Amino acid sequence: MGRHIIERLIVSVPVLLGVLLIGFLLLQVVPSDPAAVIAGPTASQDEIDRIREALGLNEPLWYQFGNYIVRVLQGDFGRSFISNTAVSDELLAAFGPTLELMVASLVWAVPLGILLGTLAAVRRGRLTDRAIMAFSVAGVSMPIFWFGLMLIWIVGFKLNLLPFQGRAGPLWTIDGLRAIALPAITLGGVFVGPIARMTRTSVLEVLGADYVRTARAKGAGEGRVVVRHALRNALIPIVTLIGLQIGFLLGGAVVTATMFAWPGLGRLAVGAIVSTDMPLAQGAIMILALAFLLVNLGVDVLYAYLDPRVKRA
Amino acid sequence: MTTVPAAAAAAAPSPAGAAPAAKPAKGTPARRHSPLRRLLRDKAAVVAGVFLIAVILAAILAPWIAPSDPYANNLRLRMKPPSAQFWLGTDAQGRDMITRILFGMRTSFFIGFVAVAIGGLIGAALGILAAYYSRLDNLIMRIVDVLLTFPAILLGLAIAAVLGPGVGSLIVALAASAVPTVARITRGAASVVMRSEYMEAGRAVGLGDGALIWRYLAPNCVSTILVYLTLQFGQTVLLGASLSFLGLGVQPPVAELGSMAAEGRNFLFFAPHVSTVPSVAIFLVVLAFNVLGDAMRDVLDPRLRQ
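Respectively, the protein sequence lines represent chains A and B.
Heads up: the first sequence runs through residues 1 to 313, numbered per the working numbering.
Heads up: the second sequence runs through residues 1001 to 1306, numbered per the working numbering.
Chain B extracted, bound-state conformation (with noise of 0.2 Å):
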């Protein structure tokens, strides 16, 4: 459920654009706004920019910030709805939502991010091979065209039951359901390279293949890379979180938005609001990331500028 290959598809040609653009060239009429202007004009991506930014915050320093502690248990309170003291209820165990929800937000996003940044090196590193290349380009890209579409939670239940339900096989399905979009991604951005001057410049000086990958092609595709990575995060985020729903992933009691839910799904029909608000936070986080994404998108790539 990570992969939605439109959008896949929509960025794929916006590397072209993408590093160019972030400088704007002043006195051309077409293009007086850099792209970050234009993406504040865009009141749904700054809201969705500034959401993104506090969440993220408050998760980092949720030990800091939350009100209580995410495991301290007691059975008087259990599932208490929102009140003045709870302002989110309690869950099952009597556990405060709020400081459950910002540890739990720390988790998934934490596991999000090693899984995006190894699944992005390789990634990274496959589709500069492919570009680079050519003799590699069909072998990989064929197989990364077949991987692209394979069902990341198939994924997941493989990893999950070879490696066992856990934090580690969670991380490890994240990083291998990214690897096959960023590769893609990467050779789009590296293959326009490829063509610049500067590289044949640096070939006709004798370069070698190590010094022409390291120097000049993989430092050229990074800024695409990491715009991709940012937006995929929400996906990556979504992903994480329905594994842990299903057991699969991050296990009770650590504190996680999946998990969250799938324990509230057990009083769905006693205290709703045990899975609801682990399942807002996921939804609005995933869409905040979604709503940004499109908005650079609709900013970066030209194609798509009316």
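Isolated chain A (complex conformation) (with noise of 0.2 Å):
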């Protein structure tokens, strides 16, 4: 369990380092000379070289790479090219939203998607079966801007039933509620057909193992030989699957949140592309990108904590 870990952890470097790479390379192509950018337009050259030295642009690339790692371990990624506020302020500002319509959507929409998929397993083959399939293609295959599209113009401005633009509020509140209810249906609608495909899987793979026919043949119910000892039991690869769709999640949440006008990373992260707010991106990506591979990290262990098989594999 603790090498399994371990195990992971050191994977999971390089690739930390590379989104870490990425992250100075954003600052590298920066067009204009940030020493001569800080000094102003009035600065003499002599200025400009002194805080050229100052910022340590002089040193080779690998070592600027290097402070460029430290400073990001203590959090400091630099200050914003447009609104000169410090990133990691907006980032933790932008932290919370993202956190929220994550949550918002899994929140239906994995008990919906385990629920639809354990049905369609338990009426294989049949018309239920069928119609609950062809739904999960059509999500799959649904771009998620254009079911929020959707969502915008029949709920929000024909019925004018939810507001459809940025967050009003904490979650507690109606106001905050009614405004991540379009973002999370939206997010959370494309995640349904996936989850019951992978439920539908696992749930006929367990469906046909001897311990489920054992408990049929003691005379156990069908309700509770499909919930005790087959849902129960294929469980531990949907979390796991559920788990590793935490980046499909992540780029979904991007678009929404742009699309919705949601103050979130994503939204934070494609506004500085465009704008190229190089800090602002940098940083922003960054986080994403962590967040991310600590909750990888987290579905890692949690399967080989859930599965005893793995731990020796």
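Some hints could be false.
[Claimed, not checked] Here are the simulated distance ranges between beta carbons:
hint, chain 1, residue 1, chain 2, residue 2, range
1, A, VAL301, B, LEU1207, 43 to 51 Å
2, A, ARG228, B, GLN1251, 49 to 57 Å
3, B, VAL1205, A, LEU115, 54 to 62 Å
4, A, LEU57, B, ALA1054, 51 to 59 Å
5, B, THR1230, A, ILE236, 26 to 34 Å
6, A, LEU57, B, LEU1061, 50 to 58 Å
7, B, LEU1207, A, TRP108, 56 to 64 Å
8, B, GLY1094, A, GLY166, 26 to 34 Å
9, B, SER1068, A, LEU57, 48 to 56 Å
10, B, ALA1125, A, LEU61, 23 to 31 Å
11, B, PHE1270, A, TRP108, 29 to 37 Å
12, B, LEU1036, A, PRO14, 41 to 49 Å
[To be verified] Examples of chain B residues toward chain A, derived with CB under 10 Å:
hint, residue
13, LEU1155
14, PHE1269
15, SER1275
16, SER1279
These aren't lab readings, by the way, just hints derived from the structure by calculation.
As the structure is a prediction and not an experimental result, all values here were calculated from the model.
Virtual Cβ for every residue (Gly too), placed ideally from N, Cα, C.
These two chains come separately, so use the hints to put the complex back together.
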């Protein structure tokens, strides 16, 4: 178990370095000399040179990269070109809303997906199964932005039921809940299909297992067999697969946040890239990537914990 | 949003059955029909396949069959709803939507094709190296495993940030996101080939690594890789459109499905068709690829066949 975790940590290192390298490169592609920018338009060449020296810009690139890693580890991502606020402050402000959006999406999409998937597995080959699977394939093929646009147009505009621009406060207020409803339906909506599909596969596999036959032979009712014996055992792969889909969710969150003007990391990143605010873009991408790596590692450990076979593999 | 690991995982074991199953063993009652025959019996797959062939042909032939010029704007005809003259209406600059859609698919398909070709080559090379050199196997596959789940959109963001938004960075991002899955599939197929007798025979007669890889290993993996890349194409198109929708890929005025949907967003409340039409086009194309992909997997993967 411990060995497994350490192994995973070691494998994550090259990826982590790659992510840091991208962040570092982002700051290198800045068209203007940062020292000249800081010194201001009236500064003499001497002054600029002094600032260059002070910023460490005359050091070799690998050394600057080392410095960069140290700064990132200290939570220092530099300052935004446009608003001149510390990037770390902007990231902190955007982190909460991102988390809210993801949780609000998973909270309904996961149970619904598992329910539909189990139903499809139990009714295998029948109309219910085919309808659920057709719905699932359609969900996987749906551009998330179209789903969001349709919700904005129909629910937000035509029926005027829910707001669709931005966040309106914490989730425990009615306004806050109303504001997050459409983004969460959008993001969760594209997630239901894949979860239903994965659940169906896992449950089908388990339904063929000996212990399920044994349970049936002992006279357990069908509902009990499905829930207690099949679904419970199928949950291990389902939980892992859902965890591995976090990346997919994160990607969807970027599009959703941009569409609904949700003040999350995704919108921050897209806005920064489009307006070439490199420090902000670098910080947002870095945080998204780090969060992703962490969650992935967590899922992996959870899997090893749930499934004893992995520990020895 | 590209990878659906469930699909990838289900596709992974298929290489074992893919190549041999292509030649039907006549006489064995269990496999009387070739995979293609069985695929043709799946109505949904046939509809999807015919639709895709038609759409791809239309995209290739767009300059010759499109009713008008995709870039000729006419401000008198702005945002007209679908009518007899303009079947799918016009966009915010009075350009005929059918024409734009045809050219948009052309752009989306072209970008997807180039990206999948590049990513496929790199991924295949990695997969074959991992299967052939067991020392590299662990290293390559562990990194591939981590990259496999790395969000493609995030990759697209990072690459667009480094290279600047545009077609070039879009292709790089799509290619990069294809690499890990292709590597995985290829390694699966290649390890099966590695265990075959002709590889052993080749080694026994003293063939070098290069000859073994080029003459025997790689050619025997090609069909599996190609099948997989075809199936993956829909997801690549979807991802490309999403990145362009965010403004990180193809830039207006170039007709591309994702950026067309993004342009239409501004007029959603007056002229919903402007963003709906390209979105539906993406949806149908990706759906057709997925339906066809599922059907092919059912046919090729003996484990799932009942």
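Now the hints, each set against the structure:
1. VAL301/A / LEU1207/B: 43 to 51 Å: holds, 44 Å
2. ARG228/A / GLN1251/B: 49 to 57 Å: holds, 56 Å
3. VAL1205/B / LEU115/A: 54 to 62 Å: With Cβ atoms ~59 Å apart, the hint holds.
4. LEU57/A / ALA1054/B: 51 to 59 Å: holds, 57 Å
5. THR1230/B / ILE236/A: 26 to 34 Å: Given a distance of about 32 Å, which is inside 26 to 34 Å, the answer is holds.
6. LEU57/A / LEU1061/B: 50 to 58 Å: This hint holds: roughly 54 Å between Cβ atoms.
7. LEU1207/B / TRP108/A: 56 to 64 Å: Between LEU1207/B and TRP108/A, where Cβ atoms are some 58 Å apart, the hint holds.
8. GLY1094/B / GLY166/A: 26 to 34 Å: holds, 32 Å
9. SER1068/B / LEU57/A: 48 to 56 Å: holds, 54 Å
10. ALA1125/B / LEU61/A: 23 to 31 Å: holds, 29 Å
11. PHE1270/B / TRP108/A: 29 to 37 Å: holds, 32 Å
12. LEU1036/B / PRO14/A: 41 to 49 Å: Between LEU1036/B and PRO14/A, where Cβ atoms are some 42 Å apart, the hint holds.
13. LEU1155: holds, 9 Å
14. PHE1269: holds, 5 Å
15. SER1275: Nearest chain A Cβ about 6 Å off; hint holds.
16. SER1279: holds, 3 Å
Violated hints: none; the structure is consistent with every hint.
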